[in-house]
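Residue numbers (our numbering), protein chains in the order written: chain A, 1 to 289; chain B, 1 to 289; chain C, 1 to 377; chain D, 1 to 377.
Worth double-checking, as some hints may not be accurate.
To be verified - Below, simulated EDC-like cross-link-like pairs (lysine to aspartate or glutamate); rule was C-alpha separation at most 16 angstroms, straight line: (1) D:K269 <-> A:E261; (2) A:K244 <-> D:D248; (3) B:K244 <-> C:E70; (4) B:K244 <-> C:E230; (5) A:K244 <-> D:E37; (6) D:K112 <-> B:E115; (7) C:K269 <-> B:E92; (8) B:K244 <-> C:D231; (9) A:K218 <-> D:E37; (10) C:K138 <-> A:E115; (11) C:K27 <-> C:D95; (12) D:K369 <-> A:E115; (13) C:K112 <-> A:E115; (14) D:K163 <-> B:D56; (15) D:K138 <-> B:E59; (16) C:K130 <-> B:E64; (17) D:K130 <-> A:E262; (18) D:K112 <-> D:E230; (19) D:K269 <-> A:E276; (20) C:K369 <-> B:E261; (21) C:K163 <-> A:D56; (22) D:K92 <-> D:E126; (23) D:K304 <-> D:E373; (24) B:K218 <-> C:D107; (25) A:K244 <-> D:E373; (26) C:K269 <-> B:E261; (27) A:K244 <-> D:E230; (28) B:K218 <-> C:E70.
Since the hints were made in silico from the structure, they are not lab data.
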Amino acid sequence: MSILIDKNTRLIVQGITGRDGGFHASQMVAYGTNVVGGVTPGKGGMKTEDGVPVFDNMEEAVNETGANTSVIYVPARFAADAIFEASDAGIELVVCIAEGLPVRDMLSVLPYVRERGTRVIGPNSPGVISPGRSKVGIMPGDIHKEGNVGVVSRSGTLTYEIVYHLTVNGIGQSTCLGIGGDPVIGTNLLDAMDLFANDPETDAVVLIGEIGGNDEEKAARIIKDGYPKKVAAFIAGRTAPPGKRMGHAGAIVTGGTGTAEEKIKAFADAGVEVAETPAQIAGIISGLL
Amino acid sequence: MSILIDKNTRLIVQGITGRDGGFHASQMVAYGTNVVGGVTPGKGGMKTEDGVPVFDNMEEAVNETGANTSVIYVPARFAADAIFEASDAGIELVVCIAEGLPVRDMLSVLPYVRERGTRVIGPNSPGVISPGRSKVGIMPGDIHKEGNVGVVSRSGTLTYEIVYHLTVNGIGQSTCLGIGGDPVIGTNLLDAMDLFANDPETDAVVLIGEIGGNDEEKAARIIKDGYPKKVAAFIAGRTAPPGKRMGHAGAIVTGGTGTAEEKIKAFADAGVEVAETPAQIAGIISGLL
Amino acid sequence: MKIHEGDARGIFAAFGLPVPPSRFITKAEEAGPVAEELGCPVVVKAQVLVGGRGKAGGVKLASDPIEAVEKAKAILGMDIKGLTVEKVLIAKAVDISKEFYVGMVVDRITRKPLMMISAEGGIDIEEVAKSAPEKILKVVIDPITGLLPFQTRKMASFLTSDKDVARQLGPVFRSLYQAFMEIDSSLAEINPLVVSPDGKVWAIDAKINIDDNSLYRHEDIRALRDDSMEDAGEVEAREADLSFVKLDGSIGCIVNGAGLAMATMDMIKYYGAEPANFLDIGGSSSPEKVLSAMKIILRDKNVKAILVNIFGGITRCDDVAKGLLEAKKRLGIDIPLVVRLTGTNEEEARELLRGTELVSADTMDEGVKKAIEIANA
Amino acid sequence: MKIHEGDARGIFAAFGLPVPPSRFITKAEEAGPVAEELGCPVVVKAQVLVGGRGKAGGVKLASDPIEAVEKAKAILGMDIKGLTVEKVLIAKAVDISKEFYVGMVVDRITRKPLMMISAEGGIDIEEVAKSAPEKILKVVIDPITGLLPFQTRKMASFLTSDKDVARQLGPVFRSLYQAFMEIDSSLAEINPLVVSPDGKVWAIDAKINIDDNSLYRHEDIRALRDDSMEDAGEVEAREADLSFVKLDGSIGCIVNGAGLAMATMDMIKYYGAEPANFLDIGGSSSPEKVLSAMKIILRDKNVKAILVNIFGGITRCDDVAKGLLEAKKRLGIDIPLVVRLTGTNEEEARELLRGTELVSADTMDEGVKKAIEIANA
């Protein structure tokens with residue numbers, strides 16, 4: 001098992017005829033993901049170079065292909081509508097790669113999808129990969145390796161950096177999940193921890209946090225109260241100045257809360273070792289397993 | 001067991017200092033319902049004649065009393081707010097006796113309460129009674145009798161009429177539930193049937209339907225597909241002219257749908273005997289048990 | 001509550017729907033200047049709150065102001081399904097190259113607003129929903145979000161492949177939804193929505209029903225009610241806060257609770273007679289309500305007997321008894337009354353009625369049978 | 001995006017909040033006629049997008065137009081936390097008998113709008129939230145329904161027992177919520193909301209931050225941006241679609257991805273040096289973006305070495321290499337560049353950079369160490 005995606009994932013790429021959507025659809029096909037279709041309004045009926053059929057809308061795409069998952073590569077201002085449409089069509093998991101969505105859009109997206117039983121990852125997520133089974137997102141597939149460590153992160157490339165060190169050191173991953181760098185996201189650190197807690201194939205979890213918000217502190221609390229998996233953590237932004245947004249819309253220290261220090265302290269209190277550099281994670285995990 | 005309410009019900013009466021709220025609070029106390037408090041904004045601190053404490057708001061009332069259920073007797077234009085407040089305060093079951101709520105109010109109430117895990121009965125409901133245990137509503141308590149027949153109804157006094165015949169004929173009730181006569185209600189016929197299906201103390205269910213909507217047809221479908229309890233039905237409105245609202249906002253035949261004939265036929269197809277007069281229900285149930 | 005087409009057009013226009021201009025008139029000679037002002041041709045449309053006025057001859061085209069006056073004269077005063085035409089709408093006519101149906105209701109199953117569209121206009125949507133459901137697209141709208149872009153795209157492409165028309169449909173759907181919600185509508189229809197030969201979209205008919213329970217927050221809409229379109233008894237009942245529907249039988253009914261009132265009517269029929277009315281005096285009924293109810297029923301000269309069927313809960317039987325005695329005294333009722341009172345304060349009520357000529361019954365069955373017997377006597 | 005108090009007051013007033021009238025001025029002598037027009041006393045307030053202007057002497061009361069000019073003269077040109085005061089707001093002064101705090105943010109936990117109020121005005125809400133949380137009432141608002149009557153009742157009674165004041169607070173809460181939502185605000189504060197001695201409620205300060213991602217749908221608000229309030233590098237970065245934050249160290253950084261960019265800064269510090277900036281070139285980066293990034297870093301004369309740290313995913317390493325070569329050529333860079341490129345098209349990139357004087361590194365650790373070494377040399 002893995003979390004969220006596996007060999008049963010039947011994927012629709014929303015925005016498949018766009019530059020990013022097209023490129024990553026091919027990459028996912030190449031990785032072995034079961035890409036069953038794509039959607040671009042007005043382009044229904046064509047096929048991509050990889051032979052993936054394109055539909056005009058999600059309802060049609062789901063009816064024709066039996067898809068259960070979608071990934072979104074449309075421009076920010078159309079992304080909320082793409083999520084609504086996917087959820088309305090019965091998609092169970094929507095991975096929103098699109099970034100730059102207004103927070104207000106997510107405020108209406110979330111109750112809507114919850115009512116319909118759809119889980120959203122992101123927005124501004126690099127995606128999800130269950131190595132050797134399925135990849136739904138933009139991460140380079142070849143740095144991953146099948147294994148028993150779950151990775152959940154608020155970041156994209158920082159995750160690649162850490163996963164790369166894991167793989168190089170022979171530590172494979174069950175699933176790597178980028179939850180996205182926005183302040184309001186469909187699946188947060190704690191939701192992801194829940195998923196890993198219930199996955200028999202995950203023995204340890206790497207939490208990659210950063211400044212802003214208090215989810216890491218809450219995660220530490222959960223671990224302290226008894227979390228069934230081993231945990232190692234990394235927190236980015238120790239040197240970030242307060243009041244400044246560090247790239248991610250959610251990465252900001254305001255009024256002295258959301259600092260790296262607080263998060264690191266919370267993890268230390270919970271007995272979780274926090275790496276000082278990305279490379280150290282591999283060593284910590286080796287020690288835990 | 002019974003459904004929805006029992007001896008563990010801890011009830012708050014919203015609008016307890018009003019004429020109806022006050023009268024029925026006393027009636028419920030007299031019946032043995034555990035009325036733990038009442039709410040009227042601005043009247044916090046007083047006590048009713050029965051010694052029930054009054055609070056200014058639901059949050060306070062719930063915090064002080066550990067209430068899990070509320071019943072609403074406020075005027076229609078304040079009723080939606082009362083439901084929101086109850087749900088926000090963590091109440092699990094809200095019984096809305098208030099009638100005359102605009103449908104649009106319910107359109108926003110329902111997703112709100114669903115998200116918070118609150119069940120709403122009504123609006124325009126006579127309430128719920130689990131004879132001998134708890135009564136939350138306006139029905140006369142003394143016509144009921146403990147037993148193993150569930151009653152669910154879109155009506156008030158018609159239910160009393162039918163329950164009266166059951167009781168007189170020695171047939172007791174597990175729970176009698178009036179779902180309300182409005183077109184958009186929190187708990188419909190089908191929801192109620194689900195609840196009775198899972199109640200080991202209910203052996204048969206009386207469905208009291210009426211013209212308007214298609215819930216009775218859907219109920220018949222469910223019974224046909226295998227419903228675990230015996231069922232008898234009554235449908236009011238065989239003589240109702242089309243296009244006219246018969247008292248209840250939801251009791252209207254439009255464009256030939258929602259007729260009593262259709263509903264009776266659906267039940268007949270599902271092997272459910274439909275009484276021709278209210279008094280006949282007792283005989284049908286006797287035959288089933 | 002139903003409102004006239006002309007008023008519905010006004011509401012739609014205020015929400016930005018493309019409605020051709022129109023004016024109400026009540027005198028035929030006003031049709032001339034109005035037609036002049038709007039520009040001919042115009043449509044002359046009977047304003048009655050009932051369907052089927054077209055077939056009844058209540059809608060006519062006029063190519064010039066003189067013809068408009070003639071047509072208005074023909075339509076004003078016409079009887080359509082028992083309603084007299086007292087108002088006529090003069091509307092600028094639109095040439096039609098295509099007709100659609102667009103309507104909204106609240107869906108009782110999903111408990112959400114529902115938009116229904118069809119590429120065939122001028123239809124009876126409920127009939128088509130039964131006979132050819134594939135011709136209708138139903139879209140459930142979530143009030144959390146309102147109508148979403150993917151939904152308007154889907155609806156537009158269901159109706160047309162013409163991009164220019166599709167572009168005009170999005171705003172039509174959105175405005176209709178917005179109007180529907182903001183005015184607490186229970187039904188809002190554009191039937192038909194048409195495309196004119198120059199490719200423009202027009203709402204040439206408008207129907208809006210309003211949720212009665214919401215009228216307290218829509219003073220302006222409440223003012224649009226036209227009492228002349230209803231049975232006088234029903235108007236009087238509404239003012240007395242009673243639910244009343246006039247029927248054709250001979251047994252008048254006074255009942256507490258809508259379900260019991262329907263069941264009473266059904267039982268009258270079951271025992272071979274016909275009810276004269278549906279009448280629900282509601283929950284906490286006072287003697288005054290009983291008095292009003294009695295007055296309304298007495299308007300109906302077909303009534304041969306009145307059955308009072310009360311199962312007391314909130315309603316107190318003694319209140320009802322007092323009302324009945326008061327009515328007896330004040331209205332000089334000569335029609336026989338059969339009274340069945342059970343429930344709250346039943347004993348007190350029986351005491352009050354003892355010695356009067358009211359016929360009492362212990363059960364609903366008995367009450368119905370006695371009333372029929374008396375009416376047939 | 002932050003906007004000036006004066007503009008925030010304008011937005012609040014447009015949503016019906018009780019804001020005393022005010023005018024921007026940029027020259028001291030304009031203060032006279034404005035004070036005359038508004039009526040004295042007036043407050044003269046520095047318009048700088050940073051907190052603590054009051055303590056810095058940027059807010060002064062003036063009892064007549066002459067004094068207003070004097071105070072404006074004193075404040076204009078003042079330096080507050082590194083920002084020069086170029087605009088001043090003249091606002092009609094209000095006597096204060098009571099001060100409240102009312103503010104809104106989006107709560108990351110519940111993922112819903114959150115209103116926070118306190119019966120102490122003029123506070124730093126985040127500090128009070130830590131030190132005396134019982135002084136703050138937090139109310140989560142559901143965007144499905146908006147602020148509900150039971151919530152406004154609760155909030156009003158948390159702030160006051162005065163019924164006249166409470167009656168004015170409901171509309172204040174509702175208007176603030178409405179403004180917050182409609183303009184896609186990420187922070188909206190009235191601090192303080194005051195009660196004047198005659199019992200009237202006034203919003204005498206206003207702070208609004210806007211969600212940058214929403215600006216495409218708020219042209220009017222985007223126009224309120226004041227570039228003079230930001231570091232020139234940050235303004236340039238925004239125009240080039242880069243995320244950049246100026247810091248005080250000597251190691252410039254060019255990184256793809258915000259998390260990796262922070263981790264790079266942290267590692268520089270970990271190995272004993274200080275980063276000169278945060279810079280994320282984003283996802284699908286073109287050579288042009290690398291060029292812009294380089295230009296922005298070169299503005300900073302403290303920079304002794306530049307570290308390029310790329311983990312290719314969407315970002316192609318060869319694109320970055322091309323940008324670096326282009327920058328070398330066009331900008332005549334004399335600061336040493338340490339380059340670490342891993343991931344998509346890594347080989348091609350290495351090929352492109354072979355034979356240049358760029359220092360290459362295989363890992364992030366190595367890159368950081370080399371950059372520090374060079375900077376310290």
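Against the 16 angstroms threshold, does the CA-CA distance of K244 (chain B) and E70 (chain C) hold or violate the hint? violated (35 angstroms)
Are K138 (chain C) and E115 (chain A) close enough, with their CA atoms no more than 16 angstroms apart? With a Cα-Cα distance of about 20 angstroms, the restraint between K138 (chain C) and E115 (chain A) is violated, given a limit of 16 angstroms.
Restraint status (C-alpha distance of K163 (chain C) to D56 (chain A) at most 16 angstroms): Answer holds: K163 (chain C) to D56 (chain A) is near 15 angstroms, not above 16 angstroms.
Does K112 (chain C) pair with E115 (chain A) here, judged by a C-alpha cut-off of 16 angstroms? Status holds; Cα separation ~13 angstroms.
16 angstroms Cα cutoff - pair K304 (chain D), E373 (chain D): holds (10 angstroms)
Are the Cα atoms of K269 (chain D) and E261 (chain A) separated by 16 angstroms or less? holds (14 angstroms)
Between K269 (chain D) and E276 (chain A), does the CA-CA distance stay at or below 16 angstroms? Cα-Cα ~11 angstroms, so holds.
Can you confirm whether the C-alpha distance between K244 (chain B) and E230 (chain C) stays at or below 16 angstroms? Measuring from Cα to Cα gives roughly 12 angstroms; hence the hint holds.
Mind checking the alpha carbons of K138 (chain D) and E59 (chain B) for me, to see if they're no more than 16 angstroms apart? Holds. K138 (chain D) to E59 (chain B) sits at ~14 angstroms (cutoff 16 angstroms).
Can the restraint linking K244 (chain A) and E230 (chain D) be considered satisfied, given a maximum Cα separation of 16 angstroms? holds (11 angstroms)
Quickly compare the C-alpha distance for K369 (chain C) and E261 (chain B) to 16 angstroms and report which way the hint goes. violated (24 angstroms)
Would you check the hint for K112 (chain D) and E115 (chain B), treating anything up to 16 angstroms between C-alpha atoms as holding? holds (13 angstroms)
Violated hints for the displayed structure, listed by number in ascending order: 3, 5, 7, 9, 10, 11, 12, 16, 18, 20, 22, 25, 28.
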